[in-house]
Structures are given as C-alpha cells and as structure tokens.
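Can you make the complete structure from the sequences, with help from the hints?
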Amino acid sequence: MSDFDYKQLDDIIHSRIRLAIMALLVSVDSANFVYIREKVNASDGNLSVHIRKLEDVKYVSSSKKFIERKPVTTFRITSLGQKAFEEYVNRLSGLINK
Amino acid sequence: MNKDTAQNDLAFIKGIITESRRNRSASGIHLTVWGILVSIALIVSWFLAINQIGGKTELIHWGMVIAGGWLFEIIYGWKVDRKKPVRTYAEKVDGFLWLSIGITLTILGFVGSSSGANHTQFISPVFSTILAIGYFSSGFVYEVKWIRNLAFGWWGGAIIMFIFPGHYHLLLMAGMMIAFQAIPGFIIQKTWTD
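Protein chains in written order, with this note's numbering: chain A, 255 to 352; chain B, 11 to 204.
Some hints could be false.
Stated by the list, open to error - Within a straight-line C-alpha distance of at most 16 angstroms, the following computed EDC-like cross-link-like pairs (lysine to aspartate or glutamate) qualify: (1) A:Lys-293 / B:Glu-29; (2) A:Lys-337 / A:Glu-292; (3) B:Lys-93 / A:Asp-283; (4) A:Lys-307 / A:Asp-264; (5) A:Lys-319 / B:Asp-91; (6) B:Lys-93 / B:Glu-83; (7) B:Lys-89 / A:Glu-309; (8) B:Lys-102 / A:Glu-341; (9) A:Lys-307 / A:Asp-265; (10) B:Lys-94 / A:Glu-322; (11) A:Lys-337 / A:Glu-309; (12) B:Lys-93 / A:Glu-322; (13) B:Lys-102 / B:Glu-153; (14) B:Lys-24 / A:Glu-341; (15) B:Lys-94 / A:Asp-265.
As the list claims (entries may be wrong) - Computed beta-carbon distance windows for the label pairs: (16) B:Lys-93 / A:Gln-336: 21 to 29 angstroms; (17) B:Trp-202 / A:Asp-298: 26 to 34 angstroms; (18) B:Ala-189 / A:Glu-341: 29 to 37 angstroms.
Simulated from the structure, these hints should not be mistaken for lab results. Quick reminder that beta carbons are idealized off the backbone N, C-alpha and C, glycines included.
Encoded structure:
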C-alpha cells in the first residue's frame, strides 16, 4: 500500500460532505437546499457551514426565491467549481494510477 | 491518504453522479394535456371540414386550443415546475427541445396556416415529422428506448399522410395524438413522478 501526497488535493473539496455536495451539483443543473440535505444525509447546520465554504471560494452559487411564502435556496455549481472538481478527480485518479 | 481511500473516494463520487443522473423527474403532463387538446381540436376540424365550414371558425377554434395549451404551460410552470427540488441536465435539454418544438408548431400551424403559406393538407404530416424529432431526441436524452421508438410511429404516420392525402388525416392525427402523445405522457407522469 503506497502513500499519496494529499497536499496535491484541493482542501476545499477534500472533505467527505463537500465532496458529496460537489459530486451532486456537478451532475445536475440545480438543486435546492432540502434536496441536497437529503441526498448527502447532513443536518441543516452542517450543510449550511459546508455549502458556505464552497460559496466563499465561488465553487457554488446560490439563488433565493419565495415559494408559497417560504424561502427556497437553490444551488448551482459554477464553472470554477466544475474545473476544480474535474481537477480533483483527475488528481485522485492520477494518484491511484501512480 | 492511501490507495484504498482514494479509490473509495472515487467510487463515492461515481455513486453520487450515477444516482443523480438516474433521477428522472420530468413531467409527462405537458404531453398529455397537449395530446388531448390537439386531438379534440383535430376532431372538431374534421367535423368542420366534412361540413365545409372553414375560414374564421377554424382559425378561432385553433386559436383557442393553442392559447389554452400555452396558458396551461405558464400556469403549470409557475405552480409546479418551479417547486421542483432538483433540475437535471437531461430535463433542461428536454425542456428547451420541447419548447422550441412547441414554438415551431405554433408558428407553422397557426401563423403559417392563417397566412395561407401552408397547404392545410400537409400540416398534419409536417407536424408528425417534427414531433418525431422531439420523441427521438427525448428518448436519447433520457435513455429510454420506448420513448425514442414513438418517433417511428410519428414518421410512419407522416409517410401515410403524405402519400394518401384527405380529410381522414385529421382523424388519424387525432388518434396518433392520443396513442403517441397523451398516453405516453400519462405513463411518464405515472412512472417517473410517483
């Protein structure tokens, strides 16, 4: 079993929950908070913290709207996020094939 | 990090992507509503044609059908579609495909016919070939063979209507609207959104 240089991996994506959020958003056009929460199996607070981290580095963008007087936040992966995710997956694959 | 962890992460990513792409939340109600509306309108058109009533009456009844269909799209889009928790790429592509087909058919059928540019005998077969494009493409986008195969029904109907012109077109097209549009829409709605 060989060790890998984990420093080559994007710190922001390299967290199980953020990786799940990114993988989910890269495969759909958009998804709302509740959908992501159910799919990644996270609590409201936990998801908020992690998704904010992704928003801060502009990997994910959000938009808010009111549906039947309730606020609904929808998330999308940005082109920067897509690029970072691709790079992360490539690095991971590269490390495995080393 | 070791090789096992990396492989595990990749499998995790793959699993999420595969599951998300498999998500089919497209609604078939649009197809069913348009299928029923247009088939009723075609039967009314057939009745008008065999009784030699045309002109303004024909134009008014088609105008009402088209306006009714688009009104449904706007209301349904506002009431239901915008509440969807997720929108897949397939759904987005399919939505734009059918929107463009809808606009094309409206221009051809309503504007083209009322201006006299289109020969009324050829409206049904032309519509049929355009709808075939929609089903063929949708079938590929969603990776559902039976939806793709509906296109062959539309193309087959178009060939028959091009070779054998007549008022029966209207009834044949009404039947095709039910068999190849309203019923498939109902099946999609029942199986994908339940």
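Status of each hint after checking the structure:
1. A:Lys-293 / B:Glu-29: holds, 10 angstroms
2. A:Lys-337 / A:Glu-292: violated, 25 angstroms
3. B:Lys-93 / A:Asp-283: Roughly 15 angstroms between the alpha carbons, so the hint for Lys-93 (chain B) and Asp-283 (chain A) holds.
4. A:Lys-307 / A:Asp-264: holds, 13 angstroms
5. A:Lys-319 / B:Asp-91: holds, 14 angstroms
6. B:Lys-93 / B:Glu-83: holds, 14 angstroms
7. B:Lys-89 / A:Glu-309: It is violated: about 29 angstroms lies between the C-alpha atoms, which goes past 16 angstroms.
8. B:Lys-102 / A:Glu-341: violated, 25 angstroms
9. A:Lys-307 / A:Asp-265: holds, 11 angstroms
10. B:Lys-94 / A:Glu-322: Cα-Cα ~13 angstroms, so holds.
11. A:Lys-337 / A:Glu-309: holds, 15 angstroms
12. B:Lys-93 / A:Glu-322: This hinted pair holds, its Cα atoms lying about 10 angstroms apart.
13. B:Lys-102 / B:Glu-153: holds, 15 angstroms
14. B:Lys-24 / A:Glu-341: Holds, because 15 angstroms separates the two Cα atoms, which is no more than 16 angstroms.
15. B:Lys-94 / A:Asp-265: Measuring from Cα to Cα gives roughly 32 angstroms; hence the hint is violated.
16. B:Lys-93 / A:Gln-336: 21 to 29 angstroms: Taking Cβ atoms as reference, Lys-93 (chain B) and Gln-336 (chain A) lie about 26 angstroms apart, which means the hint holds.
17. B:Trp-202 / A:Asp-298: 26 to 34 angstroms: For Asp-298 (chain A) against Trp-202 (chain B), whose Cβ atoms are near 28 angstroms apart, the range 26 to 34 angstroms holds.
18. B:Ala-189 / A:Glu-341: 29 to 37 angstroms: violated, 49 angstroms
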